[in-house]
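Participant: Residue numbers (this note's numbering), protein chains in the order written: chain A, 5 to 525; chain B, 139 to 556; chain C, 2 to 98; chain D, -5 to 128; chain E, 154 to 673.
Do not take every clue at face value.
When the alpha-carbon atoms are kept at most 25 Å apart in a straight line, the in silico BS3-like pairs for lysine-lysine are as follows [unchecked claim]:
1) 162(B) / 190(B)
2) 194(B) / 25(D)
3) 122(D) / 190(B)
4) 121(D) / 533(B)
5) 533(B) / 122(D)
6) 456(A) / 388(A)
Selected chain D positions facing chain B (Cβ under 7 Å, derived; list incomplete) [said to hold, decoys possible]:
7) -2
8) 11
9) 16
10) 18
11) 20
12) 23
13) 61
14) 65
15) 68
16) 70
17) 79
18) 127
None of these hints come from the bench; they were simulated from the model. The beta-carbon is built from N, C-alpha and C at its ideal position, and this holds for glycine as well.
Listed below are the residues making up each chain.
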Amino acid sequence: MLLSLGIDRWVLPAMLLWPVLAAVLVRIGGRDVSRDDAGNEAPSGGPDARVLTLAALAVEALLAVAVWGVFDVDGRGWQARVDIPWLADLGATLSLGVDGLSLPMVVLTAFVVPLALLGSWNNVRVRTPAFGALLLLLTSGLVGVFITLDLLAFYLAWELMLIPTYLLVGVWGAAGTSRASLRYVLFTLVGSLLMLVAIIALWNAGGGTSLHIDHLLQVALSPRAQLWMFLAFFAAFAVKSALVPFHTWLPDAQSAAPTVAAVTLGLKVGAYAILRFAIPLFPAAAMDYTVRSTILVLSVIAVVYGALVAMAQRDFKRVISYSSVSHLGLIMLGSFVLTPQSVQGAVMSIVSSGIATTALFLLAGMLEDRRATTAFSAFGGLAKVLPWFSVALIVSMLSTVALPGTIGFVGEFLVLIGTYAEFPVLAVIATSGVIFAAVYGLRAVQQLLFEKVDTEANGALPDLSGRERFVMVTLVAAMVYLGVAPHAILQRADRASQALIESVRFGPNAPTTLPPVSLSR
Amino acid sequence: MVKILVVFGVWMLTVAMLTLVERKLAAWFQDRRGPNRAGPGGILQPVADGIKNFMKEETNPPFADRWLFIIAPALAFIPAMLTWAVIPLAAPLPTPWGLIDMAVAPVPVGFLFVLAISSLGVYGMVLAGWSSNNKYALLGGLRSSAQMVSYEIAMGMSTIPVLLLAGNVSLNTIVQQQAGMGWNVFSLTIAWFTFLVAAFAETNRLPFDLPEAESELVAGYHTEYSGMKFSMFFIAEYSNMITVSALTATMFFGGWDLPFTQWDNVAPFTVLKTLVTLIAFALKTGFFIFVFMWVRWTLPRFRYDQLMSLGWSIMLPVALAYIVIIAVASLGLDALGVTRGPLFTLALLGLNVVLIAILLTWLDRGKLISPASARVAPTDLERLRARGLDLSRRKLAAQGVLPDAANTAAGVISEGGN
Amino acid sequence: MITEALIVSAILFAIGVVGVLTRRNAIILFMCAELMLNAVNLSFVAFSRLHGVTGHVFVIMVMTVAAAEAALGLAIVIAIYRHFGTVDLSNLRTLRG
Amino acid sequence: MLRTFLPVLLLLGFVVLNAVLILGISHMTIKAQPTPVKSIPYESGITPLGDARERFSVKFYLVAMLFIVFDIETVFMIPWGVYYRQLSCAVPMVNGVCPAGQLSFFGLGEMLVFVAILVVGFVYVWKKGALTWD
Amino acid sequence: MPDAMSAGAILRALLPEMLLSGGAMLLLLASVWTPQGNQPGAAEGAERTSVLARFGVILCLVVGLAVVIAWGDGAAGTPDGRVAGDGFRWAVDLVILLGTALALMLLEAEHQRSAAFGPEVPSLMLLASTGMMVLAGARDLMFVFLGVELMSLAVYVLAGVNRRSARSAEAAVKYFLLGAISSGFLLYGMALLFGATGSTRLQDITEWAAAQATLSPLFMSGVALLLVGLAFKVAAAPFHLWTPDVYDGAPLPVTAFMSATVKTAAFAVFARIMIEGLAVAAPRWHMGLWWLAAVTMVVGNVFALSQRNLVRMLAYSSIAHAGYLLVSIIVGDAAGTSALIFYVVSYTLATMGAFGVLITINGGRDRAPTLDDIAGLWLVRPWLAIAMTVFLLAFMGMPVLGGMGFFAKWYILQAALQAPAPQTILAVVLVIASAVSAAYYLAVVSAMFMRPRPEGQPVPSTTPLNQSLIATAAVALLVFGLYPTPIMELARRATTTTSPTSNPAAPRGEVRLQTASVPR
């Protein structure tokens, strides 16, 4: 039915452009609630900017559903693909399309952002039109990163995320966060600008006629050139996704950011980009023994280190951040082990981490709304006071620590299985990280929920409102549903990960010494 | 070279005699006798002056620039003595060694040489004024420099038409051209007049002797000088006067050329020709020297602002416009097929007559020719009074006496004032 | 002859550069700059003996420019003097980073 | 080249020598007998007040600047004036005469442009009052 | 004896310049009949500056039209090849006129506040841009010198044009002295080149150099001195020391003019001399220019980091931009040149816009705005803050939100990496430097958005003209940032359409191959 409307022709461009358009509308037409509250000014006309933003994001989510709908599970290659002529002189087209890898990301993003906004409705109450506009721009960038097939368009989308995030964190974040957000931008920028050089070099090597990934995948490169380009790409993505040791900006930025921004920072955009671009474009470099083992070791270190550091945190938000760092390690591990299971596991982990992190940050935000702090020392015994909250927190935390039956388990399990087949030692070490994860997860739950109510203020905290309940129930339902029925994603990611591995093995740049990967499982 | 020594000697003698001539002329104009003690008819007066100057004590005012004070007279003296070297004095002289140009240094860029060297003289005056540490002297030096540079432009521009006709900067060629076409004073009357006025100003002679206006500045830049140093300034001034006269003669009155005949211009050259042309040249030059002195004892001195405004707002535009007119006219005559000859000159003369008429009626309007007082109509008098009133009011305003004090004149940097 | 002129020109230019580097008086700096230009003029004239009239034309143009520059420089230095009462550049301190 | 200017150089040397001689002789023949009163600058008998080298009217600077600018215009006009006839002829001249019908307005046009620019500057200076001395 | 050079050909070749200078002189005459100072009617006289500035803008548009027509006609340069008639000249002319028009608007805006400018300032600006246009077309060292001086003399005056301001006077004297000295170097270089080659025409110089087995020391020292002089003019490190002081002291519109348009013209002539004239000697100057570019990028960005004074910051940033542009000259082929043109378009728009904002927040005070002045701008004038962010991001080279700035860097990087001898290291230096530059540009952004408005800071107000300038610049940057093809098409045409008089001896690109055999 959807196909008959030709929806696949316009849905992806719409997903990319609608938020930008909506951003302008929200900025111009939205009403700033805080001004009404302060009574400084006569309420300007128009609806509440937050409502407008949410509506726009809801439209975006609907579009994502449409994409999901038109996606052919058995199809090969790009789906819902659209090519819009753009810069003829560079050979750049606005080429959009999804496959099994990006589809989950698109849907995840399109749902998580509005939920996060709804869940942190009162987190931001000042200058909401601008806030909404920036959030929409950011959404456009996020979606763009997942659906663009042209490297120039991808780079534009990639950088489009930067400034809105910077402003969201800096302006609406806790006081004195401009430094943290600046650090985030600078870190990211160094990486992405190096990537820009690599993109141009790659394009140049491909004859300077096209920036489309399909074209560039066919470009044969010298090992040396591959290595440099891969390192440039990897630098950009690793910084963005906060791989240890490039992770230092993440906890600072996330803990300072307004909830929505923290959620978007937690989305594993970089990890996706590594799977999508860095590995298939430069397989020989990625599978080079030194490079690969270094990254694998780094990943494992990230898993363990993230978990260990998370254990030592005294602030709930920072625990979430470090757990996210730890997850990223697993995703990287899965990506670079590059077996069908591990890649699928990585995809699952990206999704699970996205959902769980969102849920946790929303919960932290709810705490913060109520008590203006998220330090463990301020809380305790909330289980009795806030039952809804507690349930949501426990489920989310269990998913984070990969309890079977939650989505988190699926991802980690697949990654670890895949890794075990290739690198048993690494798998074992990484598994220890999972155990540490249990420790920090339980510790957080215990410190927040189960000790005595030792602070007067905590006794009278209101439980989740209807709005908050709706958001948390949705997220928890997603975690549990995907935990028991991961098929919905795995089925779609299967072909894509196969294709990825094939392109690595048989592409023009395939490594001469193949990694010991068994295709038949 | 012999030529240098001979001509230099003659030159110095002429200068010396000129001081006497000037005084004699002044006496004549004023109906008195002039110097008559030293020698017969005062003929040895210059010698007496010279000896006196050598013996006279020199004062050394407590100035900061002792060396500049000493060098300044030399700086005025040297260029004055150099300029005349390029002026052709007569038709070439046949000698056993071939034809010899009757100029000390017959350089091909004679005209430029005169312009260049004569403008160096201003350094002497400025430095004299500066190093004297005397307010009169400083002001005199400044005035002379401002005046000389102002009129140098008018002078330069007024000679361009000559170049237009001659097509060369060699003074000899200019003389030759006039021999062929007739004197430039006919074809370029206005240029001649502007040149003459500028020449007066350049030599700091009355009516433009503001730098040494004795009624205002005692003696101007050489107030503090005495003895031979003073004498050197004096020599320089007279030397310049001769040079300028000779230049006028050369550029506008045919130089050593004899009018109405080609006899003197064509080979073979003989000693007789040289002598005759030399005399012709000397007569022409002498006439202009006479004019210089005549004017000195006839006309009153200009006011300084009148002087500057004459130079900048009348001489310069007139000279500029004249260049354009002559350029157009000569091109037009060429287009009409008039060959360069007497007819050409006549045509230009006609043009000049028209131009002079225009100049006198339209441009002058009673400013130059007749004294303003003779022409002021009652209504104009009223206007002038009102203007004077306005000026004094403004002056008061500037002093802050009147409330509506306006700013200093914007647009140009105005500071101090004297 | 040309070589000598070039050497003189180079020396004059060098004097100008050294003056520019070592002096702080605006007038002297200005004079040094003019000296540099005129040193170059000398070079041009010398080279013109080899290569024809182009150098002379260039010299006239440089002179023009130098004249305009001189007029301008004088005006600017006067302005400086009016504002600061000095032409010593090291006393000019309104612009500090 | 050098031969043409040799007389000038000789004359220059001669004149400089003369100047030095005059200054030197007069320096030797006289005996300075300075007294304090004799040494003070002559200002019509009034004791001088302050240094002579005070600030003087900016007008003098202005004239200097204008001179520099306008004098250079003359520098351009001289070569133009000298070559005017050649510039007015579209083909090389024959015996100093331009062949009939070959007159060109190139030289005149160039100079008119030049003069026009000069006049604009002149009018500007004039209207700004830089030429009036008050 | 006007041999072969008919007056008509000269007229045709120089028509835009003549139009512009003629118009400028008319404006000058108009300005002189404006009462000022203590003359009666001086109050209306102040108005006149604004009127004249607007006329200047119109004049720029007219001349721009003439340029477009000339380009469309395929107008050639002068027959003797001393003035180019190629696309590069016309394109640079257009950029210069754009910058001049915008600067005139800025002038008008600033004048509304401070009344600091006399009525002749617009015509000064136009005369400066006449000089720049001469530079854009100069194919003869004589014209180069003439253009440089025509431009510089007017800009010296412009720097000191606020006569009430001591800062302005100081800027003028510093600019003047350094400018005069750099002219000296430039000229000496020209003299030595003339001495070595016997001509001042770039074409002759190229032919001479191509015919030599070894290049004489005279020639090379000429090139070196020329390089130094040009480096002074474009403010490349280490010859940049005058820049911050001069930019700081000069009136804001003039600073904008200097940092965008003057730089454009200087780079145009730099490129023409280096690429067209001295390409044969490329192996010899290449290394020097390489280091110049690298050092300039680093120095500009590093020194900008510590500035609180926004104008000084932009001054250092303009030094850094000079470094980026030098990269395109080092690349030296058609791609590099078109990248240069694209870059200056983007840079002009961003600079003019940014200075428009600075003029607005400065409110006519006689001092440079600092970070404190712009702090919390977002709270009072959100759109202004957004526009400023766009401009800063364009400087930085951020895609989408920085608009054209990104593609400007992209094209330079592309040219650098595509060149026959790829400049990979310079490209990396460039991007790292850009990343560093983000620190200070974002410091301004963060001041605007993340700091409270200081007490007592007045709410800036704009004139409609300035407002439209800022808006236009920002929108143009954004639009062409998503679809840069028109501008790039223009830039590309500029470097591929050559006039009949273009140098056949040195087609671009092949030059390098020829010189590869030149022994060092």
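Participant: Can you confirm whether the C-alpha distance between residue 194(B) and residue 25(D) stays at or below 25 Å?
Facilitator: Holds - the C-alpha atoms of residue 25(D) and residue 194(B) are around 9 Å apart, at most 25 Å.
Participant: Would the hint linking residue 456(A) and residue 388(A) be met if the CA-CA limit is 25 Å?
Facilitator: holds, 10 Å
Participant: So, residue 18(D) near chain B? Judge it on the closest CB pair being under 7 Å.
Facilitator: violated, 10 Å
Participant: Are residue 122(D) and residue 190(B) close enough, with their CA atoms no more than 25 Å apart?
Facilitator: violated, 51 Å
Participant: Between residue 162(B) and residue 190(B), does the CA-CA distance stay at or below 25 Å?
Facilitator: holds, 20 Å
Participant: Given the hint that residue 121(D) pairs with residue 533(B), test it: the Cα-Cα distance must not exceed 25 Å.
Facilitator: Holds, at about 21 Å.
Participant: Using Cβ atoms only, decide whether residue 68(D) comes closer than 7 Å to chain B, and label the hint accordingly.
Facilitator: With a minimum Cβ separation of about 4 Å from chain B (threshold 7 Å), the hint on residue 68(D) holds.
Participant: Measuring from the C-beta of residue 20(D) to each C-beta in chain B, is the shortest one below 7 Å?
Facilitator: With Cβ-Cβ at 4 Å, under 7 Å, it holds.
Participant: Under the criterion of a CB-CB separation shorter than 7 Å, is residue 70(D) in contact with chain B as hinted?
Facilitator: Constraint on residue 70(D) not satisfied, violated at 10 Å.
Participant: Double-check residue 65(D) for me: the hint is only fine if its C-beta lies closer than 7 Å to a C-beta in chain B.
Facilitator: holds, 6 Å
Participant: Double-check residue 16(D) for me: the hint is only fine if its C-beta lies closer than 7 Å to a C-beta in chain B.
Facilitator: holds, 5 Å
Participant: Quick check on residue 23(D) please, does its C-beta sit within 7 Å of some C-beta on chain B?
Facilitator: For residue 23(D), the interface hint holds, since the closest Cβ of chain B sits about 5 Å away, which is under 7 Å.
Of the hints listed earlier, those the structure fails to meet are numbers 3, 8, 10, 16, in rising order.
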